[in-house]
Amino acid sequence: MLAGREAVVARTIPDTRSEAPAHAPWAAVIKFAGRKPLGAMGGLIVLALVLTALLAPLISPHDPRQIIREANNRVPVYVAPGPAYLMGTDHVGRDIASRIIYGARISLYVGLGSVLIGVTGWFLVGMVSAYAGPRVDLVAQRVVDAMMAVPGLIIVLAIMAVLGSSLNNVIIAIVIGMLAPVVRTVRSQVLSVKEMEYVVAARAIGARSARVVVRHIMPNCLAIYLILATYYLGFAIILEASLSFLGVGVPPDVPSWGGMLTAAAQGHITKAPWAGIFPGLAIFIVVLGFNLLGDALRDVLEPRLRGARLGARLAR
Amino acid sequence: MGKYALRRMVLFVPTLLVATILVFALFWIVPGDPALTILAGGEGDSGSVSSEQLQQLRQKLGLDRPLYVQYASWLGNVLRGDLGTSLWYKTPVWSHLRDRFLVTMELAVMAILLAVCAAVPLGIVSAVKQDTGLDYLSRIFSSIGIALPTFWFGILIVYALATFFEWLPPLGYATLWDDPVLNLQQLFLPALTLAFNDLAFTARVTRSSMLEVMREDYLRTARAKGLVELAVVGRHALKNALLPVLTVSGYQFARLLGGVIIVESIFAVPGMGTLLIDSIIHRDFIVLQAIVVLIAAVVLTLNLLIDLSYGVLDPRVRYQ
Amino acid sequence: MRCFASGRSRGSVLLSSLLLALGALTAAPSAAQTPSAEGQTFTFPWPPDWVARGKYQKMILRGVTGFNPGQWDVHACGTLPDCLMPSGPQFNGLVYHNPVNPDEIVCDLCESWTVSRDGKTYTFRLRQAEWHDGKPVTADDIKFSLDRIVEPGAIRVRTGVLRTFYEHGSAQVIDPRTVRVPINFASPLFLVNLASEYMKMYPKHVAQGLSADDAQKPGKLIGSGPWKLKEFKPNISIEYVRNTNYFKKGLPFFDGMIFTIVRDYNRRLAAMQVGQAHTTEGPTIGSYGTEDPMRVQRETKGRVRAVYISEAVQTYLVLHMNKPPFQDVRVRRAIFLAVDRQELTKIVRCVESFGCFGSVGTFLPNKGGKIVESPEDLAQTKGWRQPKTQDLAEAKALLAAAGYPNGFKATLNIGNPPVVVKLGEVVAEQLRKNLGVDFTVEPVDRATQVDRIIRETHHASFDSSGVIILDPADYLNQHFLVIGGQKNPDSWKNPRLSEIIQAQARELDAGKRLRLLKEAVEILRGGESHVVPLSWGSSGGMMDYRIQNFHVPGSEQIVKQFEHVWWDPDAPMPKN
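Protein chains in written order, with this note's numbering: chain A, 1 to 316; chain B, 1 to 320; chain C, 1 to 576.
One or more of the hints may lead you astray.
Claimed, not checked - Okay, derived cross-link-like pairs now, DMTMM-like style, lysine to aspartate or glutamate, Cα gap no bigger than 25 Å in a straight line: (1) K396/C <-> D438/C; (2) K31/A <-> D135/B; (3) K382/C <-> E522/C; (4) K60/B <-> E343/C; (5) K233/C <-> E106/B; (6) K346/C <-> E376/C; (7) K194/A <-> E212/B; (8) K233/C <-> D178/B.
No lab work stands behind these hints: they were computed from the structure.
Turn these sequences into a full structure, and let the hints steer you where they fit.
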């Protein structure tokens, strides 16, 4: 399951109708929205997520970690959605709406954390592997192949067992889980860009290596980076949920959507469906948003790769 | 091409070695060991196991030896064709792996077939009706699978069936050749769950591949000749567009072998996934190692076959 | 005598002679008080009257289990579900808990036993029984089995307790059907330990040729029991066939049993709900100790019957004393006082419109018809009494005196079953709110959890103890007799408590023994040890309503045979 995003970019031939974005930022956004309504929808979802996360303390009706005590110290366990609790309460009597709102922070934290560390770090490793010469590449690719061939879940489970459950450890586990697919994707992208006609031509007319990297390869890679980052934001949220399901996710009092979903799945889906439906919906909408945005970004940002043959890139 | 294949196959060996060392090292640093899982008892069932008893069993199982000695002895056995004896079951690992492997393979093949059967039409519709409502609908539909955690999707299916239809796939397991009907009943839903998860990816590849092919010169020629759109799509575009779909499905297959873990345990399928979870719970790293070696070998072979198939299917590809 | 007064008693269905014998047995200590010259003899003729009522329907009992067993040598079992549960049905004990009145101990392979006047020698007369290979069960086999149970140097986690009573090699074969077993000291606990399901009898001619490893493989050991193992398919099923030659004539009532192995808890619930299985492994450990079985019962309109053992498992907090702050007894005591057990139990164990599936409970389990602590008594006790204000004030003062007036941060190592995680969440929230003690809850899988307890990597851990032997002293033995290891990682000791543990095992006077146990509870209520009891949970399970004659035992560790239950297709569906 970790290999899911493996080479999303590398194996996908871009939608060639799109051209490079216009210069004025607002005009670009409007143009983007007109051309890619699904992408714009994804963008809106992501924007809503960011706003929810930022405004959480203002809009959340309760403390997400606090068990609610009503009159007579009564604890409202599994109360259905209603005026008192918009999305109902959970298995120990906490307000689900508040947990969903604060969960946006957790999701964003996990997603951004793992993407900033993971995609960036492994991106550089992938580039180094493609550039540092055959020996380094050979060794790096054996490690990547090995990680690729081992079911990612084993590695992640082991890491969590060693480190213990905490939010940051979940990020570490996701980052390590990203290693193989990201390195591989980036490496094959760089290799294919390296051999494109214009790069070869630039070299042929005597351009220095550094200049080639800065002028020709970097812009391409930036596009790949953005696309990978968008997809992996969604992927990290799904993986966080799966880790919770396997019992090695974030600590249970942390209001993560994955943790809420797991608690609901292990509790009463028939008796208290709201405990599972709302976090499930939140995950669904946000991951869908990231994916739609990623699709659109890929279409828009990757036009120059159109000539690269899928097969040629894979056969290395 | 022969030389290329040979070189790739030689590289299998270090890759497999790295994978096994990785898993061995991981399980060395993971807390808990087989002695604990055998003696300590579960939640609510723990007896009062003393440290001496644990030490005694560790010694008996050979867990007190240094890590490199354990690894070397394991590797020596494997080279002699012996995958070892399960620390939990105390029976040969191969006897457990053999049957499980077939179950998982069947599940993965079914899932891939289902995914391709659904994704290709969706992708084609998306491409032909690009940027229309139909395109968006089909893309959103195919994205549902990746936007929902697999476990949640599986659990929802089980609950819906049990609650609304009072029916569930039969318990136990029958092989395809013993009882095909029972077998399909048991594997269909997990395969569907897995397929749904893969749908988005395959549909996306189909779509963009179709889009690209449809703009190529020979198709423009075909259109110019006045061939109606359906015939263009059916006869000319599809044939060429499906090559990447085929190869992507090959990669997806490898990925599925890892993804079955959660689905198998939710649907009680006795495949490699459940065996893997078991061996992690029991800290039976001898079984775990064997699973890793087997999966890794399958994945590596599959990757090689896919790469080689390019040469056969697409003459423009050269091997370096 | 209490057994016959209790609601659970099925005295009316027993033969009158059996009744008398059982009555005398329950009062074993008092029986020993008034010894006759030869000692007292207890006889158990076969069959009891319920055997005639058991309708034999030709069918296979279908069950679901969540466990994938790996150990089959009952003497060497470390766990119930991975060892005893699958293997046990093949064997008999010498004595066992009466399946229709589980608080009482009756003969299994024996026909009668005699206790000598000094209470130090038991003589067992055997029934005529055969092993699964047709060879007769002899006194020699019994002596061999007892010796194997206490075998020096062998790993005996669950059966090692017999070493306290029985010396290896000391049993004497009087004749092929009589064996005399001397014990080290007269004790009210010998029989109840011998009746443990783990003390199975093996055929000497089979078992002595098996290595310890081979004995752990399925089907290598055979017994005399109601079921023969037909096939174990790992991760798929465990299948048994009826022992047609079983010495308890008429038993078992089913043709065979198939337990399908289903790892996922929700899938097991669903299997019961749609009728794919007739039963779980009886009321047992796992997650069934919640309202889930009851919910399935309602949803199936009573076709599935929920069965519960109340107060089967105590969840407690282990405070690790190897590092600050819990090496300070004041901090341990503060935590002990500050946990609001009533609220915890209400939030975690009670469900609206279903009721409670667990209780605040007592320190020691009130099992085997012995009540050490009463609920009234407990309501006055520090740490348990309500409202909490008084105890909280004391706890805060203790923390302040220890140098933590504003609390501290700490890590909590707990398991990952849903109920446990829920308990952990609530306890952490209570301590955060009440004392400012901020626990980070880290749920992990079982092997990691136990490893962390033993190596004391965290500040505190959750663990739970089930009742293995039906006696309040079981709890003391588990936590304070074995020093070091999982249940007492800090080797915490209290000299008086150690004395009491020894003394109560030798105290034949029931009243005096009860006073000793009460004194032990008083010591523990001081809150100085590593154990902070939190809440008792139920064990649960589900059975089709047509399964008859199942009587809920006091512990999930006993009555695991399915030899006495039958299927009545015409049974009236119970009103829900």
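Please work out if K382/C and E522/C have their alpha carbons no farther apart than 25 Å.
-> holds, 11 Å
Does the structure keep K31/A and D135/B at a Cα separation of 25 Å or less?
-> holds, 19 Å
Given hint D178/B paired with K233/C - CA-CA distance at most 25 Å = OK: K233/C and D178/B at ~16 Å, within 25 Å.
Could you grab the alpha-carbon distance between K60/B and E343/C and see if it respects the 25 Å cut-off?
-> With Cα atoms ~46 Å apart, K60/B and E343/C exceed 25 Å; violated.
Does the structure keep K396/C and D438/C at a Cα separation of 25 Å or less?
-> holds, 14 Å
Quickly compare the C-alpha distance for K194/A and E212/B to 25 Å and report which way the hint goes.
-> This hinted pair holds, its Cα atoms lying about 22 Å apart.
For the pair we were handed, K346/C and E376/C, check the Cα-Cα distance against 25 Å.
-> The hint holds at about 18 Å.
Could you grab the alpha-carbon distance between K233/C and E106/B and see if it respects the 25 Å cut-off?
-> holds, 19 Å
Checked against the numbered hints given earlier, this structure breaks only hint 4.
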